[in-house]
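Protein chains in written order, with my numbering: chain A, 4 to 318; chain B, 516 to 827.
Treat the hints as calculated values from the structure; they're not laboratory data.
Among these hints, one or two may not hold up.
To be verified - Straight-line alpha carbon distances no greater than 27 Å define the calculated DSSO-like cross-link-like pairs of lysine-lysine that follow: (1) A:Lys219 <-> B:Lys521; (2) A:Lys130 <-> B:Lys560; (3) A:Lys35 <-> B:Lys684; (4) B:Lys562 <-> A:Lys130; (5) B:Lys714 <-> B:Lys728; (6) B:Lys712 <-> B:Lys728; (7) A:Lys35 <-> A:Lys6; (8) A:Lys130 <-> A:Lys219; (9) B:Lys562 <-> B:Lys548.
The model shown is predicted, which means the values in this text are computed figures rather than measured ones.
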Amino acid sequence: MSKSTLKYIGKRLLISLVTLFVILVVLFLIVKLLPGSPINNERLSDAQRAAIEAKYGLDQPILTQFVTYVKNMLTGDFGVSYNMYKDMPVSSLVGSAAKISFLYGLSAVVIGGLLGTLLGIFAALHKNTIWDTLATVISVIGVSVPSFVFAMMILILFASWLHILPTQYSSFSPIVSSIMPVMALSVGVIANVARFTRTEMVSVMNSEYMTLAEAKGLDSKTLIFKHALRNALIPVVTILGPILVNLMTGTMVVEKICGVPGLGKLLINSILSNDVNIILACSFLYAAMYIVMMLIIDVSYGIIDPRIRLGKEDS
Amino acid sequence: MEVNVKDIEFLPDDFEFVGDKQDISIDVVAPAKPAWKEAIDIFMKNKGAVIGLIMIAIIVLLAIFAPMLSSYKYDDLNTALQSISPNMEHWFGTDTLGRDLWVRLWTGARISLFVAVCAVFIDVIVGTTYGMISGYFGGMVDSVMQRIQEIINSIPTLVVLTLLLMVMKSSLTTIVFALSLTEWIGMSRIVRAQVLKVKEEEFVLASRTLGAKSFFIIFKEILPNIYSQMIIMIMMSIPNAIFYEAYLSFVGLGLPAPNASLGTLINDGFESFLVYPYMMLIPAVVLSILMLSFNLFGDGLRDALDPTMKEM
Numbered sequence: 004m005s006k007s008t009l010k011y012i013g014k015r016l017l018i019s020l021v022t023l024f025v026i027l028v029v030l031f032l033i034v035k036l037l038p039g040s041p042i043n044n045e046r047l048s049d050a051q052r053a054a055i056e057a058k059y060g061l062d063q064p065i066l067t068q069f070v071t072y073v074k075n076m077l078t079g080d081f082g083v084s085y086n087m088y089k090d091m092p093v094s095s096l097v098g099s100a101a102k103i104s105f106l107y108g109l110s111a112v113v114i115g116g117l118l119g120t121l122l123g124i125f126a127a128l129h130k131n132t133i134w135d136t137l138a139t140v141i142s143v144i145g146v147s148v149p150s151f152v153f154a155m156m157i158l159i160l161f162a163s164w165l166h167i168l169p170t171q172y173s174s175f176s177p178i179v180s181s182i183m184p185v186m187a188l189s190v191g192v193i194a195n196v197a198r199f200t201r202t203e204m205v206s207v208m209n210s211e212y213m214t215l216a217e218a219k220g221l222d223s224k225t226l227i228f229k230h231a232l233r234n235a236l237i238p239v240v241t242i243l244g245p246i247l248v249n250l251m252t253g254t255m256v257v258e259k260i261c262g263v264p265g266l267g268k269l270l271i272n273s274i275l276s277n278d279v280n281i282i283l284a285c286s287f288l289y290a291a292m293y294i295v296m297m298l299i300i301d302v303s304y305g306i307i308d309p310r311i312r313l314g315k316e317d318s
Numbered sequence: 516m517e518v519n520v521k522d523i524e525f526l527p528d529d530f531e532f533v534g535d536k537q538d539i540s541i542d543v544v545a546p547a548k549p550a551w552k553e554a555i556d557i558f559m560k561n562k563g564a565v566i567g568l569i570m571i572a573i574i575v576l577l578a579i580f581a582p583m584l585s586s587y588k589y590d591d592l593n594t595a596l597q598s599i600s601p602n603m604e605h606w607f608g609t610d611t612l613g614r615d616l617w618v619r620l621w622t623g624a625r626i627s628l629f630v631a632v633c634a635v636f637i638d639v640i641v642g643t644t645y646g647m648i649s650g651y652f653g654g655m656v657d658s659v660m661q662r663i664q665e666i667i668n669s670i671p672t673l674v675v676l677t678l679l680l681m682v683m684k685s686s687l688t689t690i691v692f693a694l695s696l697t698e699w700i701g702m703s704r705i706v707r708a709q710v711l712k713v714k715e716e717e718f719v720l721a722s723r724t725l726g727a728k729s730f731f732i733i734f735k736e737i738l739p740n741i742y743s744q745m746i747i748m749i750m751m752s753i754p755n756a757i758f759y760e761a762y763l764s765f766v767g768l769g770l771p772a773p774n775a776s777l778g779t780l781i782n783d784g785f786e787s788f789l790v791y792p793y794m795m796l797i798p799a800v801v802l803s804i805l806m807l808s809f810n811l812f813g814d815g816l817r818d819a820l821d822p823t824m825k826e827m
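Next up, chain B with everything else stripped away, as it sits in the complex (with noise of 0.2 Å):
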């Protein structure tokens, strides 16, 4: 269907007047603000993220408290009531050697975050030293760093964690070692990126004009510079270890007994879970809740810090 421009006829009625539907004479200027105010502003109209952070704060408190204010102990055992239904005195249960399993899932919650923020501290460590070395310098030791690198991130995750478990023996350490062992890469990757990215400004050539040494134009130019993105970093990895240590208990690599984490909570509920379904379910949601809200305040916090990476 050709159709000739030439031959289109315009009709007064056409085209219609809108009208001013903005008063183009006045200036609309935004109040000043600054950055951290303009961060929380946009945080707190994100209802998921909010609500995540609640949630986040709730847990961590009934980890750290509800075990103390219980007048039973994580490893109590008591053989005259085992596998007891939820009830106003064992709020959760008990499991099959009597233990109460309210204060078990909370002291199993405080260890499953305890090992979740030890094990990104690591990460946070080494994923930005590397990073930052690999960025900063360039050239044949960015090279030589990324090459490693590749090669350690090509081997899948579950093989290097199933692995170093059966050599070493099962600890809080132990899994504290190998879940920083094969998450620092995430973190060093984002650093190396937003190095790259900041050290091509210009108040990093003008801190280097004036003479500053490599290592003052690390710590005191570049770093304060990708704080948010760290801090995003963080927060979504946070949930991956909480993953990966459930995961660990799950397949029989956890805790040894009688010490409680969610995963091992969830392992132990298994065992029974068709007869006892409050056993498994009850650890499996707290799981599950805990790593969704981590995962809707790291979405909150990410558009909240670099609206640049927003999603639409």
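Isolated chain A (complex conformation) (with noise of 0.2 Å):
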């Protein structure tokens, strides 16, 4: 790696902690501001809202709270819930719910990305015929159509008329229970590889090196894997990010439907009932684990392709 590249990671990994620290601040500052009490009691006389209040830290005046607050989370410490499970400790609330979230979304980047490469490279070899048009029409509409639409479509065919997969998540059964959600999701990303592939590979096809080693008499095979696809795949890392923006919403809303007690129902669930620390666990767990993507995916590209001057002002 040469010393621009460190530079630039440098640089970048800065950029990103600051950012962290302010959504932190900011986050803080709306769940304080929040109206109403966080604790969630009509039958709580003013003095025993008072003592809860003081037991929680809450009575102390915003600035010392915040810095306990980052204290205790350095130490891996989000705080109690308050409302919906009783003081149970946030971190392994979330931690759990994080899991399963991160689990499907992988598995839905992981078949997706397979799926949709291999949908890309067979639209873009039949380019210009009838697979071709069906393909790009499979990938648009996989593009647009929300994709909670997909999982309540897929939870009508296979569990409403099929009898095959059970409606709701169950605990006792993972892997089946997450079949539907993890359809749902890879249908997004299905379609923006494939879609994306497709036009890397036409032009990639159309370069001179293709060109130069169809004429040295190379099988198709070699051809395309060896030659196209390595190319043809490089720029498909520009687009993991609105992949992964995608998936952030998906699992939120696909999550409700299937009843995946992941991370966004939790979120959900936190919101409405009005507990403020795993709202502020949650979201920060969002914002940190999308910048990280970030940082990974930007440091990545440059390295993946060299040509790609890094640090460079685009213009």
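Relying on the hints, combine the two individually framed chains into one complex.
Here it is as structure tokens:
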């Protein structure tokens, strides 16, 4: 790795850290500014409420609360749940939920990436035929139709009509329960990757080095997989960002439809029941995940394709 | 396998005369056409885009006129007619409270479209101003503005939207505000990149040499040259805004009852969708068609207005 690459990575790392801190401050302020008390219990008298607030340190000035929160956070302590799960540590609640969401997201990316690439290659090789049109139509529909609509269709088809999959998540059979949500999530990934792979593949197939390779008499397998695909796949890294954003919003709604106890469902429920510590931890985790992924994508893009000059202003 | 070029022997029949496929003595010149006519021609050739445009037109017309022409109203409760499947009287059936879904659906589509158009309108104003200032003045101003934008951009949209709607009471204005708060960045990026490109062109230099002020150059010289990029971006942002509005309603942060939007209809239908699938399926399908049409239309528009960006 060259010196400029390291410098670029350092700079990006610094910006990311600053961003994370800014996000934490904003989130903290928003949560503190929420109307009403974080303790949801109408029957409490003022004295009892004050006692509970003192117990959780909510009577301190906001700056002190923030410093305590950050200090605890660095040791992995995100506070306790106030309403939904009485006094349960947020870190374990969020941790178990995040594990499920993350696994689903990862499987969707892997499955979607593989199928999408194959579909893209297929379309590019049959350029301007009925197969190409079909693949394009599939990918345009996949890009445009929101993942929760797919989740619903799959649910109606497999659970309500065919009765082969459970309608709701069950912790006893996590693998069977994961089929529907992962399917719904991967549709968008397949469509995005296929669309992009096709475009790149077509332009690579038209390039001069491919004509040369063909003229040398290479068989089509080597031609496609060894020469064309490698170069066609590099730019696919650039669409990982939008795919990630899609997946994050996707998980939230798909989890609600399929009843998966993931991060999205936890966040929605905590918002609806005003459980501030969970809201804070979930939102922060979402933001942190997004920033880390963006950092990895940006840096890896420069390393995979050295022609991209790092740190250069786009113009 | 080493082959020495000198060893290759060429025979007379190795090459054949292909013939004049094209008569190069005649110079074919396409007839002159104004740019907008050319754009319309390219657009009309794109079947998907035309279908998209037609579908958008149909949905918009239905959203405007269907509720007016029906004898029902979107918030008329009728406990005698709960959860009736689609029939001749109620084309899309009724919901669990006995409200006519045909009227509710098109009222909902109306609100979804309204929210999207308003949000995108604000995006355009904010994003264009930000992008033009940042791109035109450059230097320190640009640096600072870009860093601020980077930080805002790295907060995921869904976190911003969700938190905003927690703090503010959910209403039409709030949703429009929340959507425009997150979506202007894309617009400002496009505008900035275009301004950076256009401001180096000769005609801008010429204008400056003639003594034009920055204000004049920005609005009279640069802006007209980036319209097409902006229109493309607007068409791409609308389905996004429609989606986020539906998403917000679906997670329970949407418009309060009895108002309807496509998202709230889907959310209401979700409550009972294993028993009455039509309550959720119909609005979901309309939402999907609307987003699909805008995407197709946007793609076609991009190919027509900016052939350099054309996908192969």
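Outcome of the hint check:
no., hint, result
1, A:Lys219 <-> B:Lys521, "holds (18 Å)"
2, A:Lys130 <-> B:Lys560, "holds (18 Å)"
3, A:Lys35 <-> B:Lys684, "holds (16 Å)"
4, B:Lys562 <-> A:Lys130, "holds (17 Å)"
5, B:Lys714 <-> B:Lys728, "holds (13 Å)"
6, B:Lys712 <-> B:Lys728, "holds (19 Å)"
7, A:Lys35 <-> A:Lys6, "violated (44 Å)"
8, A:Lys130 <-> A:Lys219, "holds (23 Å)"
9, B:Lys562 <-> B:Lys548, "holds (22 Å)"
Of the hints listed earlier, the one the structure fails to meet is number 7.
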